[in-house]
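Work the whole structure out from these sequences, hints included.
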Amino acid sequence: MKTNYTGQPANRVDGSLKVTGTAKYAAEFEAEGLLFGYIINSTIAKGKIKEIDISQAMQVAGVVQIFTHENVSGLAWFNKSYKDMDSPPGDPFRPLYDHKIRYSMQPIGLVVATTFEVARFAASLIKVTYKEEKLVTNLQDNLHRSKKAPMGKVGYVQPKSRGDAESVFAKAEYKIEGEYVHAAEHHNPLEMFATTAIWEEDGKVTLYDKTQGVSNVQLYISNIFGLSLKNVRVVSPFVGGGFGSGLRPQYQVFMATLAALELRRPVRVVMTRQQMFSFGHRPGTVQRVAMSADENGKLTSIQHEAYGETSQFEDYTEIVVNWSGTMYNCENVKLKYELVKLDVATPTDMRAPGAVTSAHAFESAIDEIAYAVKIDPLEFRKINYAEDDQVEGKPYSSKELRACYDQGAAKFGWSGRSIEPRSMREGNQLIGWGMANGAWDALQMPAKAQAVLSLDGKLTVSSGTSEIGTGTYTIMTQIAAETLGMDINDVTFKLGDTLMPMAPLQGGSWTAASVGSAVKAVCEEVKAKLFKLASKTKHSPLSGAAPKELTMAEGHIFLISDPGSRLSIIEVMRLTETDSIIESGMSGPDPAAKTTHSFNSHAAVFAEVKVDEDLGTVIVTRVVCAVAAGKILNPKTAGSQILGSVVWGISKALEEETVMDNNFGRFMNHNLGEYHVAVNKDINDIDIIFVEEHDDLVNPLGIKGVGEIGIIAVAPAIANAVFHATGVRVRDLPITMDKVLQLAEEDKNQVRV
Amino acid sequence: MNSFSYHRAAHPVEAVKDVNNQSDAKFVAGGTNLFDLMKLNIEKPSHLTDINRLDLGKIEVLPNNGLRLGALVTNAATAWNKDVEENYPLLSQAILAGASPQLRNMATNGGNTLQRTRCYYFYDLATPCNKREPGTGCSAINGFNRIHAILGTSETCIATHPSDMCVALMALDAKVNVTGVNGERTIDFADFHRLPGDTPHLDNHLEHGDLITSIDLPADHFKTNVAYLKLRDRQSYAFALVSVAAALKMEGNVIQDVSVALGGVAHKPWRDRQAEEQLKGQSATAAGFREFAETVLSGARGFGHNTFKIELAKRAIVRALTMALKNESTILSDLSKA
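Line order of the protein sequences matches chains F and D.
Residue numbering for the first sequence follows the working numbering, beginning at 1 and increasing consecutively.
Residue numbering for the second sequence follows the working numbering, beginning at 1 and increasing consecutively.
Because the hints were derived from the structure by calculation, they are not lab data.
Nothing here was measured: the structure is a model prediction, and the numbers come from that model.
A couple of the hints might just be wrong.
Stretches of chain D that chain F covers, calculated by requiring three or more beta carbons in the stretch to come under 8 Å of a beta carbon on chain F [said to hold, decoys possible]:
no. : segment
1   : 110-121
2   : 230-236
3   : 313-325
Glycine residues also receive a C-beta, built at the ideal position from the N, C-alpha and C atoms.
Right under this line is the structure:
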């Protein structure tokens, strides 16, 4: 039996639960007398509700109650009571608080009935009359109203300029500039947002919720409803995808809690797929990039400005342009990031927020400047390679991006590329090869965990994190089993419950490092306790042994000097009459390391496209994604995350866009038939490479997290491949056939972004 | 979804009578479109007449050697039927270019012709739509109209018909057999669907209570030299921006007969017989195909986001005819892997 599990492609420990349907999601928890809620959303984008006529709906048999702003009271009225751990600066949206409509599809009511179907039917009978006001939803037409992004959202840092990019650019011989646009995108995890709220006699409420942070939901609900934290339990053992949409509490948890508390009955509220387009999204963004280089291909100036949309009531910020100051050596960098307030829902973090937006524009521009100086785009990146963080002036704890370049290029066959656009073809299919690279933060947050070793030799470790499909259950089990030298089948990891030790929100690619370090720390405590106990055993091979003389493997504690002298975990506990060992602990980032080093993961993506010369259709035939992210805890689950990222990157490059009708201020393709994401037939060969990257500084596990890094450079790699194939640089995403053929007519007065 | 009553009909005449009894009753077969529309409160029938048990589920060779497709045969079973594959490959290709395997397994031939438009505004009760609620206005004309029509539009509606199968049926000169209150009749496929005009709420020329019983294909009609080309924003499970069903009858390099129908560009599958007449007797050349395409699109009008479709449709016609000439029986997405 081998117990060195980390680094091994272990199967998902929750795999059989998932494929057999045993794993329970938020909408699958049952309760006696369960009621069902159906949310009503506004049909206008801005104005006031004049009247909500619920009389007809209330008469439908099976309708129990209809909640609107007119009959809900007792809620917190301070804006700040609605803040959650991921709130940007501003005043959070307060559901059912007043008659104001701030964005289209804003939730304005809840019908509660004995079945979902009755609630939905009754909702169709509710008549809402509005007083409409003039609305503004067009980002491109309102760039002149932009304002500097304020500080305040967790993790947001203002961009820092250096040198004098404008003067250098003005005088430069080789230079390029361009404007890049992408519209809003919606997360659309497979599982719709859902809450089953159970009211208990003693005034407590248990919320089975789809969330990326049970503690955040607990805080939010207790503040709004004036409940003490101990009276709000949030449970979320499985999440059917989040991608950031579950970082902030969504409005269905408010609705379900409200109804359960008011009616003193269990209530379930599930959003429809259409309603999945009624809250935060990746903000539509306009970017301008200008660059200059000398004749040797050295970057002499970089200018990158970005204008992101936000709501009228909160300033959603993400780190877009900052990346452009770190990626390459360049003395003159001018960065600007501003927000435009529109009558839309507040945007929300969506996989690799900011970085994926940035890379699309910036890495396309790098390709363009490389072409301006007639240097292979990969070679150009090597010429300007930044060994150190160019903004902070600190070395990276590790940066194996060169290895990503080399191994990715070798696998892809990049050396066989002819540099001229339109130089490779098969019949009427133009072939293009493009590449790009990206970076993401390797963060660690404070996290707590608990470990319980029972007399039967079984270990249960818990932490209140969440499993959004990334493999958290599996890697935590691997870490715990390896730390204690136990069989993986004797270890159970539990998560997603506010009764468990607190963990940070599941986002930012930091869960493996944060919760993983806490799990390792708490298991080390258990191990120390076991060594102490082993030493206390009488008349055993380990009697009196000092902790430093002992080690653990294969379920046993033994002398390092004499592996034959050993006791099993069960024997140690029996001999010392120990019923159980319970340890709690916490782990956090090393503040000293942060002052000396920067921490990033990196990736290089290579893509091949075939573009029909006459019809403009683009097919991505091959992608190679090479990732440097420290030690890979589980190549199978990590590989799945990168594969999913690449698939999503292909979607983003070619298909995804939530289209806004600016006459109505309403997203129009709010279903999965018309909001296109990649289907099987869009996906061809994808190769994933994890390059070796040793890192002692980043955290005790030497890991960097892989949730975000895979997607960042995919869209620009594809855009660059399309340029190589066609000679046309499509700067707007998604890259559709009309844009490739340059047939698209811009009509900014109507609809875009 | 509204409450509705339900009756399972045993015979076509009974089914017709059952629907005719109530002004807002509807037939239901595969339900792949109707149920979605009911859940969204766009269709609100008070009564459904289930026709799935009717004896309309066969594909049979007619005495004149044509082929009769039962109204209840699924799209999948039709596409993979041996007679269809061999003698009407254009129809097989078109069906397989549409929807997804799951939908094709449920959707029926009769129902396919009756599917409603995919116009965003038609599907969203928050926005005016003349097709959904006559007289409220067309939101698409000044809205997001990338997927909308460029041919045969009216001031009241620029929606398209979303079917792929119907585009092939149009090109193949199919006929629709109908049983109604006044007995049986046959409608040429070209006369089956309507242009929007000032009655955009009407998609076709069926009367209330008319039941499609089968669709007939003429004998020995474009067995070779056909191609269905579908251009869309992803490789599967997306409606056509432009699709072309192209069929040629060649003698040497001379075009004896030609039929070209377009999808994704109008309220009905679009065909220009005058243009076809001009092409007959000519040699097959790229220039001739382009000239034909220019003629077909000569009356096209764009509305901003969809203006690109005019040039795209011309290119698609040229490509589809070229593919048909070479007998490249494939849809575009497979070309890259060829």
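To see whether the hints hold, each was checked on the structure:
1. 110-121: holds (count 3)
2. 230-236: holds (count 5)
3. 313-325: holds (count 4)
Hint compliance for this structure: every hint is met.
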